[in-house]
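Asker: Here's the letter readout for the chains.
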Amino acid sequence: MTVAARTLASIRATPTLLRVGLAEAIAYRAEFVVWMLTSTMPLVMLGLWTSVAAEGEGAFAQFTADDFIAYYLVTLMVRNLTGNWVLWQINDEIRRGLLSMRLLRPVHPFVTYAASHFASVPLRCVVVLPFALILALSAARAQLTGDPALIALFAAAVLGSWILTFLTLVTLGCLCFFIEKSMALFEVYMGVFAIFSGYLIPLPLLPGWVRDAADWTPFRYMLAFPVETLLGWYDRGDVLGLLGRQWLFVGVMLAIALGLWRAGVRRFEAYGA
Amino acid sequence: MIRTTELKKHYRVHRRPPGLAAAIKSVFHRKYEVVPAVDGVSFAIERGERVGFLGPNGAGKTTTLKVLSGLLHPTSGGVEVDGFEPRRRQADFLKRITLVMGQKQQLIWDLPPSETFALNRAVFDVPDAVFRETMDELDRLLDLGPISSKPARQLSLGERMKCELAAALLHRPTTLFLDEPTIGLDVSMQVAIREFIRAYNERFSATVLLTSHYMEDVAALCPRVIVIDKGTLIYDGDVPSLVKRLHPDKRVSFTRTGPIAVDQLERLGAVVSHDGMRVVLQVPGDRVHDAVVHMLGALPITDLSIEDPPLETVMRELFRASHQSRKSS
Amino acid sequence: MRAARYGRLLGVQMRASAMTAMQYRVDFLIEGAMSLWWLGWNLIPLLVLYRERDVIAGDWDFPSALVVIGWFTMLRGILEGAINPSLVDVVDRIRTGAFDYTLLKPADAQFLVSTSRFAPWRVVDVIGGVALIIYAFVRMDRAPSAGDVALALALLASAALVLYSLWILVVSAAFWVVRLDNLTYLFTAVFDAARWPVQVFRGAWRFVFTFVIPLALMTTYPAMAVLGSIGIGTALLSLAGALVFGALARALWKLAIRNYTSASS
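Chains as they are written, first to last, in my numbering: chain A, 1 to 273; chain B, 1 to 329; chain C, 1 to 265.
Don't take each hint at face value.
[Unchecked claim] Only pairs whose alpha carbons sit at most 20 Å apart, straight line, appear in this in silico SDA-like list of lysine to any residue: (1) B/Lys25 x A/Val127; (2) C/Lys254 x C/Val244; (3) B/Lys31 x B/Arg15; (4) B/Lys25 x B/Gly40; (5) B/Lys104 x B/Asp186; (6) B/Lys104 x C/Ala4; (7) B/Lys95 x C/Val88; (8) B/Lys25 x A/Pro122; (9) B/Lys104 x C/Val88; (10) B/Lys150 x B/Ser114; (11) B/Lys95 x C/Val244; (12) B/Lys104 x C/Thr102; (13) B/Lys150 x C/Ala21; (14) B/Lys95 x B/Val130; (15) B/Lys95 x C/Ala131.
[To be verified] Listed below are several chain A residues computed to face chain C (Cβ distance under 7 Å; list not exhaustive): (16) Ser51; (17) Ala53; (18) Ala61; (19) Ala184.
In case anyone wonders, no lab produced these hints; they're calculated from the structure. For every residue, glycine included, the Cβ atom is placed at its ideal position computed from N, Cα and C.
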């Protein structure tokens, strides 16, 4: 099939893929609960930092308790919306030889993966809703920006964040083609991600060199960037600039992912499952 | 000694109609229905018998085996194996039985089967001397050779199955439940496993209850068959009687050495196949004698043989008959 | 007699696990290196915190917080080395149906399932944790009394029991809800909060982390014991609580097995 024909096939298949993906996501109710509970780290951090801030005359390094509440709740929401488990899925499919089935389809596997994970976003919105409500009703909502343009840019940033996260995880997944137990690598990734994306601790609280280093990694643009945008830390011009950088990273990761995937599949087909 | 009395096993299953709306609804409210997997089955098997358990997919064979081995509690009815009530899963009971499931494996995947053997030995508390003796016999009967020291994942399906059997039998159980042990294996391996089961049964006077899709396996190994369909028992007896009851026709095949008119053939019986010089006829049982006498006397033929129709055909007839009677009742 | 038999069984299982681990030699080294990496990484939030503050939650200074992290690391080693691997194995067995074979064996299913797999390289975590604690005491320029150490070890054992019981609860859930593959991530995520002294949390948080998910019991109390600052009443209560929790978990496990054998196919 020509590239054009494949692309057309992919586009035509997408609505169905999405619908099936959503049904799949709904079918496993308990897994959903588990996944929900996995994202509790920001809440723990929230508990920690608000106590620490309360102790120190209301602030820790210029962050008040409200600052922390706003930061971590938004972080939690963005993380839940953009996270996915495609890395685990790819690893599983390679191990069990199920990848062959996916390769037989006339649609590029990235599309099928993306569709099935993107399809769960509506469900994730439902999960995230309680936190959004808590934030909206608490005093911390004053920390959020009121500028509608910024909010719109925030939405764009979240979308870019989703794609970037997806591509990064797929790239990591490709390593499963080459390394036996790549799940160890995933642990390293999680650790590095937690620091450089601001998931564990807001970036301004970390030493300067960490912040500078983070700028050069995709991690910052996977989480910290949208969060900081919604918190109104930048003006519109800055955000547009950062958005540009985010999409630059998307392009880079896409290229790497495609290349690595092709190399990996060739290896997979040579050596078998 | 295996005995069941009006054994019933019903499941609650969640049914979900297709479509997105239904999918969302099922998150909050699930509808269940009752599926009768086994619906009133009674039979008795004596020590040392080899019994085949036949039936189409979903008939309830695996469920029955699981109830007999204590993995499932029956919904109602009596079950007794070797004087024990399986559902209680007492240690003494578990040491006397074994269940081999052809589609699931118990060998540790990354290690040689010998490690699984060592583990089972420890779990079943088999004394060293007995273990050595049993392993030597199993080694001999199954022709294991060096394969038990290669990691399980490197073995072929047939080799794995042999090791699975060894692992399942090293505690010398006297009651064997075998669920599709030869599934997916090639013909020569099927024969080898079949012979092994027969040897084990004779050597240790073990009771064997075997399910299989391969009718020939069952017919060759088991003098008695129990047939289940949709959870009810529809036949319990030996194979020849079953064949005679359902399919009193015989298959007569021969090679013709000269031309034979078609209507001449059709007068003798229904033509099943006419492949070049080889002819196969289906002849009603009571006319076989006369037909054969006529053939040998009057027709140019050689290599005459008389057989029962294949068990597959017989079984299909049996299931069709049971479905008819179910529909009319 | 039965204890001897189960002891032998444990030996056989551990040997099989060690052999499986040896099969993937490179992983052995990688995982060992990973443990060291995590040790360092775990200290980052602590360093950020103590850059600004000398003491948090009243009397937790940097070295004493280090002790908590030390216990956390040790316990994490036990979790990832002795508890999680079997969890993954069991959930997988339930999914493929191979769990039936476990039920056919004349030994306690919970025992078989709990000892089915170990990750021996996690002993690095335990060593690392001990090293951290020693370093903390060196910084404080004192040594714990023998009694304190004994009490701390007892509390560590009860912490392991609580963690193990939590795991049994989760696996019991796997019988009803067949697909629970990301359980280990859940465990690690929730457990992660245990690196902080429980007194750091306020109000509802502290209640949750003391009684609902007893993380306080797991790391804070052993730390307080070895630092000599735990009340004997609290310690005894925790030990008793751990035993009760263990009994609860076993009861639920048996319920789950009863359900499995009546409702699955």
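Asker: All hints are to be evaluated individually against the structure, with a verdict given for each.
Answerer: Now the hints, each set against the structure:
| no. | hint | result |
| --- | --- | --- |
| 1 | B/Lys25 x A/Val127 | 17 Å, holds |
| 2 | C/Lys254 x C/Val244 | 16 Å, holds |
| 3 | B/Lys31 x B/Arg15 | 6 Å, holds |
| 4 | B/Lys25 x B/Gly40 | 35 Å, violated |
| 5 | B/Lys104 x B/Asp186 | 18 Å, holds |
| 6 | B/Lys104 x C/Ala4 | 31 Å, violated |
| 7 | B/Lys95 x C/Val88 | 28 Å, violated |
| 8 | B/Lys25 x A/Pro122 | 15 Å, holds |
| 9 | B/Lys104 x C/Val88 | 18 Å, holds |
| 10 | B/Lys150 x B/Ser114 | 9 Å, holds |
| 11 | B/Lys95 x C/Val244 | 33 Å, violated |
| 12 | B/Lys104 x C/Thr102 | 12 Å, holds |
| 13 | B/Lys150 x C/Ala21 | 16 Å, holds |
| 14 | B/Lys95 x B/Val130 | 14 Å, holds |
| 15 | B/Lys95 x C/Ala131 | 48 Å, violated |
| 16 | Ser51 | 5 Å, holds |
| 17 | Ala53 | 10 Å, violated |
| 18 | Ala61 | 6 Å, holds |
| 19 | Ala184 | 5 Å, holds |
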